[in-house]
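> Read off the chains here:
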Amino acid sequence: MSPRRRVFRLRPPTLKALGIWHRRIGLTAALFIVFLSVTGVLLNHSDTLGLDRRHAQSEGLLDWYGIDVPAPPIAFAADVDWIGQIGEHVYFNGAPVAGRHAALKGAVAVGDYRLALVGDRLLVLDGSGARIETLGPEHGLPAPAEAIGLAEGRPVLRTDRARLRGDADLARWRPTRADPVWSAAATPPAALRAAMIRHYRGQGLSWERVLLDLHSGRLFGRWGPWLMDLAALAFLVLAATGTWIWSRRRNDRK
Amino acid sequence: MRFALPILLIPGWLFAPAAAAAPGVYQPPAAFVREAFGGNAPAPKTLWIDDALAREIGAILGHPPDGRRLRYWRRGARTAWVLDEIGKERPITVGIVVDAGRIERVQVLAFRESRGWEVRHPFFTDQFRAATLTGKHELDRDIDGISGATLSVRALTRLARLALFLDARVNAS
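In the order they appear, the protein sequences are chains B and A.
Oh and the first sequence: position 119 is 119 in the numbering used here, straight run, nothing missing.
Oh and the second sequence: position 125 is 379 in the numbering used here, straight run, nothing missing.
The hints are simulated quantities; they were obtained by calculation from the structure and are not laboratory data.
Be a bit skeptical, because a hint or two may be false.
[What the hints assert, rightly or not] Chain A is nowhere near these chain B residues, computed Cβ spacing over 12 Å in every case: (1) Phe-32; (2) Asn-44; (3) Ala-143; (4) Ile-197; (5) Arg-222; (6) Thr-241; (7) Ser-247.
[As the list claims (entries may be wrong)] Simulated coverage check for chain A against chain B, where a stretch passes if three residues somewhere in it have a Cβ under 8 Å from a Cβ of chain B: (8) 297 to 304; (9) 323 to 329.
It should be emphasised that the depicted structure is a prediction, and the values quoted were computed from it without experimental measurement.
Ideal Cβ placement from N, Cα and C applies to all residues, glycine included.
Work out the full structure, taking the sequences as your base and the hints as a guide.
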């Protein structure tokens, strides 16, 4: 008597078993569907919502992205005010001055004005840090200016050839023999330094970037995109099993 | 030896198109102003921007002006302006000469955006030549755009309108 041979046959899953797996995968995938739908809709209207212009300020999120200042902030005292710089951003008492600026070389207070030498341009601010104007060589500013100082209440610029003192309108600069007090970098109060660093870091990460990384899964590290791929696979399985179950039930009813 | 000069010129010829396409400073503003007045620029004049003027400038630019004082150059009915406007993220510096209420020249002096630098070319800037301002502070003509440079085109158009408006303002005062 020969032993009975057991034959394994691949049988199609029963409708009940398919239904159970469809439900299990569906419940797991529901979380991803909600997540991807919300982030997708927000990204579709990113421009209208201004997400590319708004920046994340969360310290934890900025740390997660590894956003840091390129170099320690530099700062110059102008009377009681502080004008500082990180990268291309200039700060007045810790608040950003609009625009991007070349290297800050010094700052002085002249009456109600605060003058900051940035590259070959002179940034003229009022006492609250609002920009009045930016002067360059085309306005008669000596170039290339290396340093700015103060002599007898007037600004003095030092070029590689001369010292030149500006008039009240900052329109004419004439050679001077005065011995100015040159603006020198100093350490700003800790609170202002922290405010500058906080703003700079915050400018580095738009909400649009965060949403894109959430949507693609990249925010969750190297396995994030694979997780999203898995979710996409689950959606495909749901579509297939759902169609299968529907067609089987439809046929059974007939 | 007679082939030496053409050979020496080859690298410059090869790289010229790339250099022309790159963002950067195309002409220092001081040189533009000198050119605008035949090599002898007048001293700059000052225009203070009070609240009322700021509102009118804001209506043209679509945002408040960046400062409270503007410098410009004027000789007779001719004025020159060096103005900045952001295309998408970074300022475009543009020199504009207005003569007798009509634009004589628009020149992109510095372009810092990563896209849209085509607006620097004469085929685009020449469209502004002889343009005037309508009563609604619009240009008296349509300016053809450049695909891929829409924001830069808009920025230059706004600055052309602003220069004409400011020219009328300083000539009226």
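> Each hint needs a verdict: does it hold in this structure or not?
Cross-check of the supplied hints:
With a closest Cβ-Cβ approach of about 34 Å to chain A, B:Phe-32 is found to remain outside the 12 Å limit, as its non-interface label requires. Residue placement check: B:Asn-44 keeps its beta carbon more than 12 Å from all beta carbons of chain A (closest about 20 Å). Under the 12 Å C-beta cut-off, the non-interface status given to B:Ala-143 relative to chain A is violated; the minimum distance is some 8 Å. The Cβ of B:Ile-197 lies farther than 12 Å from every Cβ of chain A, with a closest approach of about 22 Å, so its non-interface assignment holds.
With a least beta-carbon separation of about 29 Å from chain A, B:Arg-222 lies farther than 12 Å from that chain, consistent with its non-interface assignment. With a minimum CB-CB distance of about 45 Å to chain A, B:Thr-241 clears the 12 Å threshold, and the non-interface call stands. No Cβ of chain A approaches the Cβ of B:Ser-247 within 12 Å, the least distance being about 48 Å, so the stated non-interface status holds. Under the rule that three or more residues need a Cβ within less than 8 Å of chain B, the assignment of the region 297 to 304 of chain A holds, with 3 such residues.
Judged by the Cβ-Cβ criterion of 8 Å, the region 323 to 329 of chain A is covered by chain B as claimed, because 3 of its residues qualify and three suffice.
The structure fails hint 3 only (numbered hints given earlier).
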